[in-house]
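Respectively, the protein sequence lines represent chains A and B.
Using numbering that gives the first Met the number 0, read the first sequence as starting at 0 and increasing by one per residue.
Using numbering that gives the first Met the number 0, read the second sequence as starting at 0 and increasing by one per residue.
Check the hints yourself; a few may be wrong.
Stated by the list, open to error - Derived DSS-like pairs (lysine-lysine); straight-line CA-CA distance at most 30 Å:
{"id": "1", "chain 1": "A", "residue 1": "LYS39", "chain 2": "A", "residue 2": "LYS26"}
{"id": "2", "chain 1": "A", "residue 1": "LYS61", "chain 2": "B", "residue 2": "LYS181"}
{"id": "3", "chain 1": "B", "residue 1": "LYS181", "chain 2": "A", "residue 2": "LYS39"}
{"id": "4", "chain 1": "A", "residue 1": "LYS39", "chain 2": "A", "residue 2": "LYS7"}
{"id": "5", "chain 1": "B", "residue 1": "LYS400", "chain 2": "B", "residue 2": "LYS376"}
{"id": "6", "chain 1": "A", "residue 1": "LYS39", "chain 2": "A", "residue 2": "LYS61"}
{"id": "7", "chain 1": "B", "residue 1": "LYS400", "chain 2": "B", "residue 2": "LYS14"}
{"id": "8", "chain 1": "B", "residue 1": "LYS32", "chain 2": "B", "residue 2": "LYS380"}
{"id": "9", "chain 1": "B", "residue 1": "LYS376", "chain 2": "B", "residue 2": "LYS32"}
{"id": "10", "chain 1": "A", "residue 1": "LYS26", "chain 2": "B", "residue 2": "LYS400"}
{"id": "11", "chain 1": "B", "residue 1": "LYS181", "chain 2": "A", "residue 2": "LYS7"}
{"id": "12", "chain 1": "B", "residue 1": "LYS425", "chain 2": "B", "residue 2": "LYS376"}
As the list claims (entries may be wrong) - Partner residues aside, some chain B positions facing chain A, computed with beta carbon under 8 Å:
{"id": "13", "residue": "ARG169"}
{"id": "14", "residue": "PHE184"}
{"id": "15", "residue": "CYS198"}
What the hints assert, rightly or not - Label-pair restraints from in silico Cβ distances:
{"id": "16", "chain 1": "A", "residue 1": "ASN69", "chain 2": "B", "residue 2": "GLY260", "range": "26 to 34 Å"}
{"id": "17", "chain 1": "A", "residue 1": "ASN69", "chain 2": "B", "residue 2": "THR106", "range": "47 to 55 Å"}
{"id": "18", "chain 1": "A", "residue 1": "GLU6", "chain 2": "B", "residue 2": "VAL53", "range": "54 to 62 Å"}
{"id": "19", "chain 1": "B", "residue 1": "GLU107", "chain 2": "A", "residue 2": "HIS56", "range": "40 to 48 Å"}
{"id": "20", "chain 1": "B", "residue 1": "VAL53", "chain 2": "A", "residue 2": "PRO31", "range": "55 to 63 Å"}
{"id": "21", "chain 1": "A", "residue 1": "ASP42", "chain 2": "B", "residue 2": "ASP262", "range": "45 to 53 Å"}
{"id": "22", "chain 1": "B", "residue 1": "ASP373", "chain 2": "A", "residue 2": "HIS56", "range": "56 to 64 Å"}
{"id": "23", "chain 1": "B", "residue 1": "ASP262", "chain 2": "A", "residue 2": "GLU6", "range": "34 to 42 Å"}
Derived from the structure by calculation, the hints contain no laboratory data.
Quick reminder that beta carbons are idealized off the backbone N, C-alpha and C, glycines included.
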Amino acid sequence: MDVHQIEKPVGEWTINNAEQIWEQASKGCGLPRRVIDLEKVSDIDTAGIQILALIDHQCRRKGGRLELTNASDSVRSILALYGMDELVKGPTDEL
Amino acid sequence: MNFDEAKATFLSESKELLEEMETLLIELEQSPKDEERINALFRAIHTIKGSGGVFGFSRLEGFTHQVETLLDRVRDGEITLDSRTVGVLLRSRDHISRLVDAELDGTELDPATRQEDAVLLSELGAILSGQSAGEAQGAFDEASRVGWLATIRFGRDVLRNGLDPAALLRYLGQTGLLVASKAYFSTPSEPNEFQPTDCHVELDLVIDGAASQEEIDNAFEFFREDCELNIAPPNPSEETVRSLFADRTPEEIAERLSQLGVDWPPAVPGATAPAESAPSGESPSTNGITARSGTNRTLRIDAEKLDRLINLVGELVIAGASTDLIAQRLNDETLLEANSMVNRLVEEIRDTALRLRMVQIGETFSRFHRVVRDVSKELGKEIRLVVAGGETELDKTVVEKIGDPLMHLVRNAMDHGIETAEERRKSGKPVPGTVTLNAYHDSGSIVIEVSDDGRGLNLERILEKARANGVVAANQQLTDQEIARLIFEPGLSTAQSVSNLSGRGVGMDVVKRNIESLRGTVDVETAAGEGTKAVIRLPLTLAIIDGFLVRVGQSAYVIPLDMVLECIEMADAERSSGKAGSHYINLRGEVLPYLTLHDLFEEEAPPQERENIVVVHHGGQKAGLVVDTLLGEVQTVIKPLGKVFQRLVGISGATILGSGDVAVILDVPQLVQIAADAQRGGSPAARSTASVIQ
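Hey, can you work out the whole structure from these sequences and the hints?
Put into structure tokens, the structure is as follows:
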């Protein structure tokens, strides 16, 4: 298993800052497996979800996947709306 | 034009168009390829849709759009107007009428209407997709019934505009409408092409089938603009489902539906009808917004204004009669001539004004095609309607008020008159029963007949019931005709089962009363096993009549001129007395019963030496009215009698003569009946209600 950095963004992931978020997040798009710790992400809307979906798509294309951790309840709920809550691993799960 | 006026115009125009649509649909059912009618039908719905759009009536617009789409395809010859399609279109027409009312009242649709909206849209969609009747119910069987299916491709700018598809999903989830959803992100494959603020979301949704059209509308309200939204009503047909995913392969469709938990293709095979593309949008070429055919140059007139005009004409007639008297008294040649010219013109104005109020009864008759069609389906009997004399004209008010009594008579004929197919076959009759509406003029009246070729009235049962109710004394002997007429007595329904159409025992007497309130009469003829005929007689005009003025004692009476046959002098010797109390004379070999108005109206002055008889007729019977002096023809305006006087026998109205005196207008039908009864041996005293002779 590759050793990789766990990404830990801070702030919201919404339409308001989607461009900046994408600028940061797109840098990791070469890696097949990415882990994003959402503890410090306060709020996600569809713009943020789209970015996560794209990241996930990129990972899968390379045979890997995206994993999300420490999602707050509100973040979990929007992930669930989009059927993406499978990406979320609980705090006790192995990375 | 202020807004309320505009709305009122919209209402009356729409109702007219809807009536026209009904007629056209019934006619098209018989001749489904009639291009002219199809075009007229399309124009009608197009106009309603357009006008509704101007007012922002979105519910109306939305629904009529589907109907218009279907009619467009009918116009192109792609869809034929079979019985099923006509049935759906007729129901749609009814629904549109309800939508128009709701939009104008600004009220919410009640649950039944919303349900009907969804059902009709589904059926219209089924026809548009070429489904045959059996599959109209949808591609899914009971077990796997699918609710509303929706696909949305959100517009690129949605997020930048401050909307969020997540809100839709949340709303659907919270309201319990959401059954299943699957989101797709159509993000570009190259990361550097990705525009993070664009919305790349596509949603496939299954929504609870119990949701109403309105709830669906509300849910998607904010996303209708800028997004590609496709919604299929509950339990869609196979074709409809395919049209939701128009640009996808069957495999893709299957995959997407399975993601929603929907089995595809459905377990029960769908239609084998050819694939149709999604319903077309606006029809590009129509004849413009004003749909009226150019051949009819009509004017929309306020009924009140017309009534005022006719009132004025009435006053003019009276004033004319007054100047007439003066001119005659002065006996000035030039004045008499000039006055006669004026009176001639007044007569013409009178006739023209009254004719403005005349409408052809054909309009009323043609509404019955729909009634007969629907009711015959309801009763499971095959019944056809034959209409004759539609060009017969009568006063507008009469036409409006005669509708209800006619409706009752037609329903009676269909319900009780026409036998079941079995019975008809057994008696050697053609299986389809016939109900006939016929109208014609006869001696100053208009006659309307409602007849059927059914089983005829059961005279025995009628007599039984009448005896049981005490309407007829146990030992009283009645002729067949008199028994038949008993059906007009209150409380005398003899129908075996009280169907919900008629036969509650309050029908025929109400019919009679309604007709009598129009100064008309109704009678019935029947023959066992052959059928029944109801005959309605109505006066031609309500307002002004030509009359024959007579004097009896101190009073003046007016006899409607169109019922006068002749006048003869009566010498004492010519009178004969038949059975006690009856009076008749020998009129050139004919027995003519007569009434002495002097006695009937209890005039105080002693009778004259020389009397005159005015021979009148009505409904095929004649009678003589003995009067003192003949005064000649007059034109009079009928003033209705106040309520206090309405039960008076032999009198139907009053009028003001040129001299200013009041004269009473005689009710000739009543008087003829009284004379006939008296002569036959019944009581000569007048009854307070009249029944009419055949």
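Beta-carbon spacing of A/GLU6 to B/VAL53 - inside the hinted bounds 54 to 62 Å or not
Since A/GLU6 and B/VAL53 have Cβ atoms about 56 Å apart, the given range 54 to 62 Å holds.
Return the status of the interface hint for B/CYS198: holds when the least beta-carbon distance to chain A is below 8 Å, violated otherwise.
holds, 7 Å
Is the straight-line distance between the alpha-carbon of B/LYS400 and that of B/LYS14 30 Å or less?
Holds, because 18 Å separates the two Cα atoms, which is no more than 30 Å.
Distance restraint hint 56 to 64 Å, applied to the beta-carbon atoms of B/ASP373 and A/HIS56
holds, 58 Å
Is the shortest C-beta separation between B/ARG169 and chain A less than 8 Å?
holds, 6 Å
Does 55 to 63 Å hold as the CB distance between B/VAL53 and A/PRO31, or does it fail?
holds, 59 Å
Pairwise beta carbon distance, B/ASP262 to A/GLU6, judged against the given window 34 to 42 Å
Taking Cβ atoms as reference, B/ASP262 and A/GLU6 lie about 41 Å apart, which means the hint holds.
Is the Cα-Cα distance between A/LYS61 and B/LYS181 30 Å or less?
holds, 24 Å
Just to be careful, I want the Cα atoms of A/LYS26 and B/LYS400 compared with a cutoff of 30 Å; is the pair within it?
violated, 83 Å
Outcome for the supplied range 26 to 34 Å, where the beta carbon pair is A/ASN69 and B/GLY260:
Given about 31 Å between the Cβ atoms, the range holds.
In this structure, is the beta-carbon distance linking B/GLU107 and A/HIS56 contained in 40 to 48 Å?
Since B/GLU107 and A/HIS56 have Cβ atoms about 45 Å apart, the given range 40 to 48 Å holds.
Quickly compare the C-alpha distance for B/LYS425 and B/LYS376 to 30 Å and report which way the hint goes.
Between B/LYS425 and B/LYS376 the Cα gap is close to 21 Å, so the pair holds against 30 Å.
Hints 10 and 21, counting from the list given before, are not met by this structure.
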